[in-house]
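Chain A is fixed; fit chains B and C onto it per the hints.
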Amino acid sequence: MTPARSIRRQEASLASLGAMASDLRRRYAAPEVKRGRAWPIATSRREAECRNVAGRQLNLGAALLSLSVLADSGVEHYRGSFQNRAMYVPLGVSALTLAASLFGVADTRERPHVARDSLYGLAAATGAVGVAFHLYNIMKRPAKMSWLNLFYAAPVGAPVALALAGALGRGAEKVRDDRSTRILGHSAGRALGLLTSVGLAGTIAEAGLLHFRGAFQNPGMFLPVTLPPVAAGLLAASVVRPGKMIQRAAKASLKLTALLGVGGVAFHAYGVARQMGGWRNWSQNLLNGPPLPAPPSFTGLALAGLAALSLAYNE
Amino acid sequence: MSAESAPRAINGRAPDVFRPGGWVRMREYSEDEQVDFAIVGTGAGGGTLACKLAEYGFSVVAFDAGPYWRPLEDFASDEMHQSKLYWTDERIVDGETPLQLGANNSGKSVGGSTVHFAMVSLRFRPEWFKSRSVLGYGADWPLDWREMWDYYTEVEQALKISGPVNYPWGPKRPRYPYRPHELNAAALVLAEGAEALGIDWTPTPLATLSAPRGLAHPCVYRGMCVIGCSTNAKQSVLVTWLPRALNAGAEIRDLAMVGSIEHDAQGLVTGVHYMREGRWRFQKARNVVVAGYSIETPRLLLNSASGKFPEGLANSSGLVGKNLMVQSNQAVWGISEREIRSYKGPPSLAITEHWNYNDEGKDFHGGYAYMSQGPLPIIWGNTESSKRGLWGQPLLDEMEKYNHQVGLKIVGETLPQERNRVTLTDERDQYGLRIPRVTYSFCDNDKRLIDHSLRFMRQALQATDARDIWDEIDDTAHLNGTARMGFDRKSSVVDADCRSWDIRNLWICDGSVFPTVGGVNPSLTIQAIACRTADRILAMSRRGEL
Amino acid sequence: MTERYPGYDVLNKRNSPSWNDQTREVIDARLAIDAQSHRFCDETEWQVLCAVCDQIIPQAAGHLAKVPIAAMIDQKLYTRKGDGYRDARLPEQGEAWRKGLAAINAEATLADGKPFCELTDEQRRAVLVKIQRGDAASPAWEGLPPSLFFVKRLLHDIVTAYYAHPSSWSDIGFGGPASPRGYVRMNFDRRDPWEAAEAAPGREDEARQENEHVG
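Protein chains in written order, with my numbering: chain A, 1 to 315; chain B, 1001 to 1546; chain C, 2001 to 2215.
Since the hints were derived computationally from the structure, they do not count as laboratory data.
Owing to the predicted nature of the structure, the values given are computational and were not obtained by experimental measurement.
One or more hints might be untrue.
Claimed, not checked - Dumping the calculated EDC-like pairs for lysine to aspartate or glutamate here, alpha-carbon to alpha-carbon at most 16 Å: (1) K144(A) / D1200(B); (2) K1284(B) / E1031(B); (3) K2081(C) / D1429(B); (4) K2081(C) / E1004(B); (5) K1172(B) / E1147(B); (6) K1401(B) / D2189(C); (7) K2076(C) / E1147(B).
Said to hold, decoys possible - So the derived label-pair ranges between C-beta atoms look like this: (8) N2015(C) / I1473(B): 42 to 48 Å; (9) R280(A) / M1540(B): 39 to 45 Å; (10) G1318(B) / K140(A): 56 to 62 Å; (11) S118(A) / D2189(C): 56 to 62 Å; (12) R1428(B) / A2029(C): 30 to 36 Å; (13) R1388(B) / N2015(C): 36 to 42 Å; (14) E2206(C) / F212(A): 38 to 44 Å; (15) Y78(A) / R1019(B): 33 to 39 Å; (16) A2029(C) / R1388(B): 30 to 36 Å; (17) K140(A) / Y1357(B): 25 to 31 Å; (18) D1429(B) / F212(A): 47 to 53 Å.
Think of the CB as a built atom: it goes at the ideal place given N, C-alpha and C, for glycine as much as any other residue.
So here's chain A without its partners, still in its complex pose (with noise of 0.2 Å):
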């Protein structure tokens, strides 16, 4: 909190003669303050190490997405057989994505690299194209769009994955560089935490829809379905209209999430093990059964909300 509010009393000295502007900031209780061109500023130590360490904490989400989708794509591709030679991409873009998003998090210098940058840019753009040929894979199949391939086709959502971790890794380099604070028109705590907030609906979408083909045989499966949902809805609630509450509480269902998350990985692996064969049936249980790879995608949006909500209270 200091830290925002001697900028505020800064600002406020040097926009005497803008009382305009002192009206609009109390009317708006968001601190939409603005930087660059119109108010050359000297970034304060503390903001600039919040948003390293925001930046830093995207770099984890953005790790953890594309080792989710590195461990998914590798055991649903070679389940596939590797049938187009296009399904060894995802997981080189994943794999070269994971050891920039590790660089990420080790790099405390307060300054995007741009190898990063441009592997981010490369997930993106590939995540992207992995959405249409999963759904050509829907498309091309009898049936075409219905339950029975939402089911068993190409998943339409796990490509999104990847230009979710690509996105957000941009995220992190743009958050490092304090030159400039806005993505697509909003500061970036506000962006970042809604993108996080959509990518939680997906990830949400995608297990509810996995979980409805398994009939929610087992209460636990509701878990990925009601909690994260009230996590991505508070966290689009608090970089939207801010306040001490709603924040908190963004934060403990993200925090939540993120250990549903890793519990989940453990639901699977219960999952696996209640399988014909168990686990010594392996070869077929870690491909028929529940994906251990998955859940931890949400840990890593989770993290990633949890930097948004960390920027946007500080901007």
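Then chains B and C, alone, in the frame of chain A:
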């Protein structure tokens, strides 16, 4: 101790089919104790009824000639060995189109034929319950389709049927409890053909799990459904209704062949004579339910003939054993350029009921569904040799294309004909009981339906990449009709409540009560009838009408 | 004739999750059948039965064990293991086979003046074709409709025995026993690593290499 050498459901316990080596407590009744219901047969009719009646508080002893299998431990992945699931005691077949029995349609297991069935779980088209008055052929059922619709739901829920989210035909039905299975290549060929011809198709509603259920595992797609499911994914009576029945206090007696039903001077039944552990015994009962399926049920009623009932029990109409209906099971087969490997997954993962619900252009009465197939080596070898006439090197050459073989097979309606019947011969089996003769001939209507289906399926296959297409014309499935349900004692054996007209405490609750057979597999309807019968019995009991 | 699934043997999966204890017990017993053992047939019947089996299923020497079809049928007849039904026009299976084998011999003598086992391959085939078509002329067929016997009894029992044996499964690329492990990939042109690899024309070695890893 193998399930076939000595009974397992004895000494106060029965096998727990979900736990290897496990047991569940089983209530036992003394033979001198007059139980409320003695049920002969524990299949789709008898097993379901045993469960419902026990849950309603009646005392029930259910008998089955077959063994009490533990699927997780007893079932091998071998066609020849698994013939142990079928009725392999001798029966004679004749008529113009003699039937294939045994592995084709007759089970001998606790759980009946549902232990080996292909799990296709379909509802009747509503109009079929009034085939005569609404569609102009066959006979009317004394049942209302709307009432049956609710009982179908009960059965689908009890079996956790894995079916499509939306069903293309018929009145609205509740969502199937589990989601459909993934299609294998053979099913995709059906889908391709159907889409090319512009008709609807659907993933088949199947009584095998697409997700875990309790201690039962979901399907592993091993494709050996008809030789016994070793994972308990298949929701046979053995792993659904019977565990509930035991829990509710029913007793099951395995390896117990009922030879005759006893009656008193007033003409009411008093119990059953059965052979178990090498000697004949007698169980007293207030009511007897016969649920041995369409050959054993009439056989038992006829074998129970006495001075008072020289034509057999419940046979004042003379219809016991008559109106035997099968379903036509013809197929077209072809060879695809693509690898099909249809041995993977349940045999019929996709189906179309188009010709059950559309009547334009038909030159026959009735309907048929057709579905994809996945024959195992022995049955396929026999199809290529006995049905197609191949042997020697030509057979081996054709069999080498096994992984490219693909086909479509019907379940087609046949009309009730009194000449198609089950009678007794003078030959006797290992129990000393007279064995049945099963006489069957297709009528002209049946043949026209078959021809229509072969023409249509050929078109459907040709619309895909299948070539070298040939017709399999000699095959039938299922058995129904030999103790039909009806409106009066002259034209039927039992009433709408499955109670025989002649003997008020003798009931028949299995596929033999069907007045018509429709163009869908009978198992779901048999179980629905059993659920309804249990409700009717409860209502009658409360009104003192039993 | 090149093999379609070179080097594939379902027995290689015996100790994999594709087989369970019950399956191993059953298949071991089948593999242990003595190909020469015959308790039902007498010597003449046995010779004819073996010769007929060789015509219906000509087994070329290969890396897979020869299926003891005649011994399996003899065992079925000796133990009186039935199929659960019998066409009214045919006697029970044991009697049908005895009569049928004798009638085949009689038919051979009628056609070529020698017993079945002394005929050439071509002559044997011709005799069987006659019987299949219902053109059999010998009075030895009295009470046994030849064509019906051929289809319902002879073909049925021989083909059943052959395709009950792992060698035939390996030959046609069938997955074989499958419990607890079933199958994952069910779409067109897909195989699980534990299934048979089909040889593309001219590329048998690739398939053979794949099949050597099946287990």
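Now the hints, each set against the structure:
| no. | hint | result |
| --- | --- | --- |
| 1 | K144(A) / D1200(B) | holds, 13 Å |
| 2 | K1284(B) / E1031(B) | holds, 6 Å |
| 3 | K2081(C) / D1429(B) | holds, 13 Å |
| 4 | K2081(C) / E1004(B) | holds, 14 Å |
| 5 | K1172(B) / E1147(B) | holds, 14 Å |
| 6 | K1401(B) / D2189(C) | holds, 14 Å |
| 7 | K2076(C) / E1147(B) | violated, 49 Å |
| 8 | N2015(C) / I1473(B): 42 to 48 Å | holds, 43 Å |
| 9 | R280(A) / M1540(B): 39 to 45 Å | violated, 52 Å |
| 10 | G1318(B) / K140(A): 56 to 62 Å | holds, 59 Å |
| 11 | S118(A) / D2189(C): 56 to 62 Å | violated, 37 Å |
| 12 | R1428(B) / A2029(C): 30 to 36 Å | holds, 31 Å |
| 13 | R1388(B) / N2015(C): 36 to 42 Å | holds, 37 Å |
| 14 | E2206(C) / F212(A): 38 to 44 Å | holds, 41 Å |
| 15 | Y78(A) / R1019(B): 33 to 39 Å | holds, 34 Å |
| 16 | A2029(C) / R1388(B): 30 to 36 Å | holds, 31 Å |
| 17 | K140(A) / Y1357(B): 25 to 31 Å | holds, 28 Å |
| 18 | D1429(B) / F212(A): 47 to 53 Å | holds, 51 Å |
Violated hints, listed in ascending order, are 7, 9 and 11; each of the other numbered hints is respected by the structure.
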